[in-house]
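Construct the complete structure from the given sequences, taking the supplied hints into account.
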Amino acid sequence: MSATQTAAGASAAPTYSPREMMAIAAGRFIKDGDVLFAGTGVAMLAATVAKHIHAPHAHIFFESGGIGPLLEELPMAVADPRVMAFSNLNAGLVEAFSYVANRRLHTIAFLGAAQIDKYGNMNSTVIGDYHAPKVRFSGGGGACDAGSLASGYIVFMQHGVQKFVEKLDYLTTPGWLSGGDSRRHAGYRRGGPIAVVTNLCVLKFDETTHEMYLAERYEGVTPEQVQQNTGFALDVSRAALTEPPTAEELRILRDDVDPQRLILG
Amino acid sequence: MAQHNGLDGKLMTIGEAVERFVPDGCQIAVGGFTITRNPMAAVYEIARRRVKDLHLVAHSNGQALDVLVGAGCVRRLDIAYGGNGRFAPTCIRFRKAVERGELQVEDYTNNMMSLRFLAGALSVPFIPSKSGLGTDVIAREGFPAELRGTEGVPLHKVVVIENPFADGDDEVVLLPALTPDVSIIHAQQVSTDGTVRIRGLSFADLEQCKAASAVIVTCEEIVPESYLRLDPDRNALPPFLVDAVVLAPYGAHPTACPCFYDYDPAHLNHYKAVAKDDESWAAYLDEWVYGVESWDAYLDKVGGAQLARIRANTVAGYAPGLDRRSRR
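Same order as they appear, the protein sequences are chains U and P.
Position 242 of the first sequence, counting from 1, maps to 241 under numbering that gives the first Met the number 0, and the rest follow consecutively.
Position 212 of the second sequence, counting from 1, maps to 211 under numbering that gives the first Met the number 0, and the rest follow consecutively.
Keep in mind that the hints are not guaranteed to be accurate.
Said to hold, decoys possible - Taking lysine to aspartate or glutamate and the EDC-like style, the derived pairs with C-alpha atoms no more than 20 angstroms apart in a straight line are: (1) K133/U to E140/P; (2) K51/P to E18/P; (3) K162/U to D135/P; (4) K133/U to E98/P; (5) K133/U to E161/P; (6) K166/U to D135/P; (7) K51/P to D285/P; (8) K209/P to E94/U; (9) K271/P to D230/P; (10) K133/U to E105/P.
For the record, the hints were derived by calculation from the structure and aren't laboratory data.
Shown next as structure tokens:
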């Protein structure tokens, strides 16, 4: 896939990168007034985009304890002083998880991971054998907690067969577990993955089987291309075309959200 | 130091504090989170003294973890996340040490680790949680079986039980409490009687300190007791929990200390580059840790202009417009 795309047949349409499309596609999931839990990286970018474009009254908070910051500058980590500036309040981890798990709140988490399976379970821990790993990652931080306790989560991943796998090397974050009712039987009262936003498309989960399916593809991306980059069989029959970013969405993303291109690259 | 008399012998140099409270093989909790308020002056001192076989317990540690692991001070680690955010999505020396089998790791989550500290603070032996059911965080143990029940390692990583107060599909995860031998945090202000004030987020620093057998607080400023008593709602820890107070301006560098200075992007980007390679990493340790004779000398090396660049805006608490792509 090329670094930038142009809307076919629309000469005035803006060009944009897959990462910009990702951030904007994810931001559109957010409704004004939602309570958002943001992890590091593109997840943080999408939450910030949502706040600037789609949902100015969304409440963003971070597992580190930053509750409702203005986010005038993009944080580099969930503990960046920028999540503490002009916030509603500054707390700590125990307080932050009391908002993630709070039964009165509809909390949506934005997460990333190294691997995901067809039920939206994720790995942020190791590639290879757990006791002698080929690659060690950071570990899940609060991702497992958000997957366990929040009302739902949205995932950001680069699409590829190394990342969309039949079997995870380590299950860090609980999604729909083995599908169907398994999540509920495991002891969870709510939550689970809502959507996966990649550089190619948006994937969702079937309401009954909880298997991943292709919900939207970005312009210029074919269903075959999505399947080729996915390590398990994917239902592509329900795919719609994603609305490309508007000039205004792109302007806000580039000028206001990430002017130093810290995450957009 | 007459004006600090209320500190009753608690005021000491970082060398004295580490000598007294951080012996080889102890269990240690360090404060902060990824790129903010890591007690780096203390970490460098521990590395310089070649303290070894530490059991580090942390939620989301970043720079402190990576330097301690990279300097060979850590044998065993309970952790939720070892990363520096965008500066290093996985801490580089941590990653190498695990891949080389040099480190024993037990993976928990941020919620689990903060609850484990809270349990330690409350002197209860375990605490329930609904995190991790059905995952490998519950199913897989990192520490070898023969270690269980020895050297402060609990008999089990976690225990899953049915909620004893209700019927049906309601499993809970029991987490063992943590009671570290020592907790080290970096705070903005300590008063002349030893009261601690933290600006910005407190992370799990307070639970860590309340759970520990000894507490070292390094700080930006020592301020009059009367000043912190004017606004006690903003104070974090009482004097009677604090065993050592160390005045260490810029003591969290290159991580941020909200309202005093931002993280140092030039240093962190430089670190990211040199930590990847064993030779340049060894040179970094020589240059920034082993070869630095005092904290003054360290700050001179960072340089006045750079310290001015990262100085926090007094309103925002960070350095607005700071170029976060720069490298030393």
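- Broken hints, by number: Numbers 5 and 9 - these are the hints that the structure violates, sorted from lowest upward.
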